[in-house]
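Guided by the hints, dock chain B onto chain A, whose structure is given.
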Amino acid sequence: MGAGHAHPLYRPGTSPVHRLPSEVKIVAAFLGVVCVVATPREAFPVFGGYLLLLGAVWAVAGIPVGWIARRSLIEAPFVVLAVLLPFTGAEPRVEWLGLSLSEPGLLTAWNILIKGTLGVLTSLTLASTTPLRDLLLGLQRLHAPSLVVTIATLMLRYIDVIAAEALRMRLARISRGHDPRFLWQAGATARGVGALFVRSYERGERVHLAMLSRGWVGEMPRLSDATTTGRHWAIGLAPVGVALALAVTGWIIT
Amino acid sequence: MVLAMHMSDGLVNAPTAAAFGLIAVIGLALAVSRARADLDDRTAPMAGLVTAFVFAVQMINFPILPGASGHLLGGALVAILVGPWVGSLCIAIVLAVQALLFADGGLTALGTNVVNMALVGVFVGYGVAVAMRGLARRSRAGLLATAFVAALVNTVVAAMVFVLQYAIGGDGVTSIGTVFGLMVGLHLLIGIGEGVITAATVGAVASVRPDLVHLLRGAPPSLELRGTGGAAAGSAT
Chain A
178 MGAGHAHPLY RPGTSPVHRL PSEVKIVAAF LGVVCVVATP REAFPVFGGY LLLLGAVWAV
238 AGIPVGWIAR RSLIEAPFVV LAVLLPFTGA EPRVEWLGLS LSEPGLLTAW NILIKGTLGV
298 LTSLTLASTT PLRDLLLGLQ RLHAPSLVVT IATLMLRYID VIAAEALRMR LARISRGHDP
358 RFLWQAGATA RGVGALFVRS YERGERVHLA MLSRGWVGEM PRLSDATTTG RHWAIGLAPV
418 GVALALAVTG WIIT
Chain B
12 MVLAMHMSDG LVNAPTAAAF GLIAVIGLAL AVSRARADLD DRTAPMAGLV TAFVFAVQMI
72 NFPILPGASG HLLGGALVAI LVGPWVGSLC IAIVLAVQAL LFADGGLTAL GTNVVNMALV
132 GVFVGYGVAV AMRGLARRSR AGLLATAFVA ALVNTVVAAM VFVLQYAIGG DGVTSIGTVF
192 GLMVGLHLLI GIGEGVITAA TVGAVASVRP DLVHLLRGAP PSLELRGTGG AAAGSAT
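Heads up: the sequence lines are chains A and B, in that order.
All residue numbers for the first sequence refer to the numbering used here, where the first residue is 178 and numbers rise by one.
All residue numbers for the second sequence refer to the numbering used here, where the first residue is 12 and numbers rise by one.
Same shape as in the complex, but just chain A (with noise of 0.2 angstroms):
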């Protein structure tokens, strides 16, 4: 696909993890993340050896740890919701520079801040080394409903072109003056959205016709004839072999 395709964590590149077929690379990401939700929280080096496990797929990626953790910070809500635990949880308490903190509190806030990032750092790993095109084919591979997967295509393919849409309105408004800072004089970018629906329902209707006269039967066309081999099954579960090690490490020593 040319440009405007391309998601925005998306980084080009040819390594071992990006040759690798998406559908492998979606089922392997899953079954890392169960591994580490699996995981019991007071197992704590455990965590630290997913977290090795991940910076050896990067160096193998080609992705640099600093570009990993500016885009973590997406995490940031949850990290509000943990910090007020250790406040708000139940006895004993520990004194920790003359604050008291709840012991179950801090644990479950650990429990939710470590498996929340590995899960984030996880899903960035997929992101940046899966081009869309290649997402979509792994979906499909992987036996999603096919009507979920044209869906899926049609929205990628058309979520520039309404977003640019949604952008000009706002460009529209702003040069015509519109400052709004309170909710009640949201008015006019909520009357903005109205029109982007009936903007994005009857480009709808449109690109159907363009469909049907382009001999569209309720198929989308095969993407690509490459075929996934058993080997490239055995790579890419091989780090959620290391995981699943881990994961049993965690019980064992627990």
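Calculated directly from the structure, the hints in this document are not laboratory data.
Backbone N, C-alpha and C fix where the C-beta goes; we use that ideal spot for every residue, glycine too.
Any given hint could be a false lead.
To be verified - Just some of the chain A residues that point at chain B, by a computed CB distance under 7 angstroms:
no.	residue
1	L208
2	V211
3	G232
4	H320
5	A321
6	S323
7	L360
8	A363
9	R368
10	V370
11	S377
12	Y378
Unchecked claim - Covered stretches of chain B, going by a simulated chain A footprint (3 or more residues, C-beta under 8 angstroms):
no.	region
13	23–31
14	45–53
15	113–119
16	156–163
What the hints assert, rightly or not - Chain B side only, calculated, beta carbon under 8 angstroms to chain A, not exhaustive:
no.	residue
17	S19
18	G59
19	G94
20	A110
21	A215
22	V219
23	R220
24	P221
25	H225
26	L227
27	G229
Relative to the frame of chain A, chain B by itself:
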């Protein structure tokens, strides 16, 4: 406005995440088959464009107070505009794309997120809207009030389902009462914002293309005869 609603990995334990994942899959399978009935062979392009619209809407910032802004969640909005089946499918696809491409919301939390926002959110909003349909069809003010209440209730109920999930699978150090008070209180405020904007948006669509508002379907407006005498104007055409 929805900061607190995209759950991350590890917030609830693995069995709970799996159970809600199963509910999400069943609900979506039903939504896929019913969405086909709603839109026939136009399903893919129409739902694709509506999904792109939902995605774009979540990028538009609304003012709340000076220095604070938020974006629309859109559950009640799509339920009223395109119906619950297509609507829940669109929101679910938005959530899946956000999890896979934008690392927004955990992969194992996708099931719980889909249940909260795509299934419960959309269907509660639609249920409220259908219950108030008589009012919505009567006047423009009625339609706006319906949209406001639907969006408010949908936001609060989605937050309550999150509390339920946390009660089942969280690690329960904080009393559920505290979590309930915090989440429901917060989402009551968020819901008011969501309601005001949803009402204004539905009102804007209804004044341009009332035929596109799913909630108003099946109620053709009575023919208005304008002219000097009713009978004369009627026979003139």
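Hints, verified against the model:
1. This hint is violated: A:L208 has a C-beta 10 angstroms from the nearest C-beta of chain B, more than the 7 angstroms allowed.
2. A cut of 7 angstroms between beta carbons decides the hint on A:V211: the least distance to chain B is about 6 angstroms, and the hint holds.
3. Proximity of A:G232 to chain B is violated relative to the hint, the smallest CB-CB distance being about 17 angstroms (cut-off 7 angstroms).
4. Annotation: A:H320 was flagged as interfacial toward chain B, and the flag is violated, the nearest CB pair being 12 angstroms apart, outside 7 angstroms.
5. Among the interface hints, the one on A:A321 is violated; its C-beta lies about 9 angstroms from the nearest C-beta in chain B, farther than the 7 angstroms criterion.
6. Given the 7 angstroms rule on beta carbons, the hint for A:S323 is violated: about 9 angstroms separates it from the nearest Cβ of chain B.
7. Nearest Cβ of chain B to the Cβ of A:L360: about 5 angstroms, under the 7 angstroms cut. The hint holds.
8. Because the closest C-beta pair between A:A363 and chain B is about 5 angstroms apart, less than 7 angstroms, the hint holds.
9. Using the Cβ-Cβ criterion of 7 angstroms, the hint placing A:R368 at the interface with chain B is satisfied: the shortest such distance is roughly 4 angstroms.
10. Interface restraint check for A:V370: the shortest CB-CB distance to chain B comes to about 5 angstroms, inside 7 angstroms, so the restraint holds.
11. Look at A:S377: its Cβ gets to within about 4 angstroms of chain B, closer than 7 angstroms, so that hint holds up.
12. Hint on A:Y378 holds. Least Cβ distance to chain B is approximately 6 angstroms, under the 7 angstroms limit.
13. Coverage of a stretch by a chain is defined here by at least three residues with a beta carbon nearer than 8 angstroms to that chain's beta carbons; for the region 23–31 of chain B and chain A the count is 3, and the condition holds.
14. Three residues within the 8 angstroms Cβ limit are the bar, and the region 45–53 of chain B against chain A gives 4, so the coverage statement holds.
15. Restraint check on the region 113–119 of chain B versus chain A: 6 residues with Cβ-Cβ distances below 8 angstroms, three needed, restraint holds.
16. Counting residues of the region 156–163 of chain B whose C-beta lies closer than 8 angstroms to any C-beta of chain A gives 0; at least three are required, and the coverage claim is violated.
17. Look at B:S19: its Cβ gets to within about 4 angstroms of chain A, closer than 8 angstroms, so that hint holds up.
18. Among the interface hints, the one on B:G59 holds; its C-beta lies about 3 angstroms from the nearest C-beta in chain A, closer than the 8 angstroms criterion.
19. A cut of 8 angstroms between beta carbons decides the hint on B:G94: the least distance to chain A is about 13 angstroms, and the hint is violated.
20. With 8 angstroms as the threshold, the beta carbon of B:A110 comes within range of chain A, its nearest partner Cβ sitting at about 7 angstroms, so the hint holds.
21. The interface hint given for B:A215 is met, as the beta carbon of that residue sits about 3 angstroms from the closest beta carbon of chain A, less than 8 angstroms.
22. At its closest, the beta carbon of B:V219 sits 6 angstroms from a beta carbon of chain A; the interface hint therefore holds under the 8 angstroms criterion.
23. Here the hint on B:R220 is kept, as its CB sits about 5 angstroms from the closest CB of chain A, short of 8 angstroms.
24. A hinted interface residue such as B:P221 counts as satisfied when its beta carbon comes closer than 8 angstroms to some beta carbon of chain A; here the least separation is about 11 angstroms, so the hint is violated.
25. Because the smallest distance between the Cβ of B:H225 and any Cβ of chain A comes to about 11 angstroms, over 8 angstroms, the interface hint for this residue is violated.
26. A cut of 8 angstroms between beta carbons decides the hint on B:L227: the least distance to chain A is about 14 angstroms, and the hint is violated.
27. The beta carbon of B:G229 comes no nearer than 18 angstroms to any beta carbon in chain A, farther than 8 angstroms, and the hint placing it at the interface is violated.
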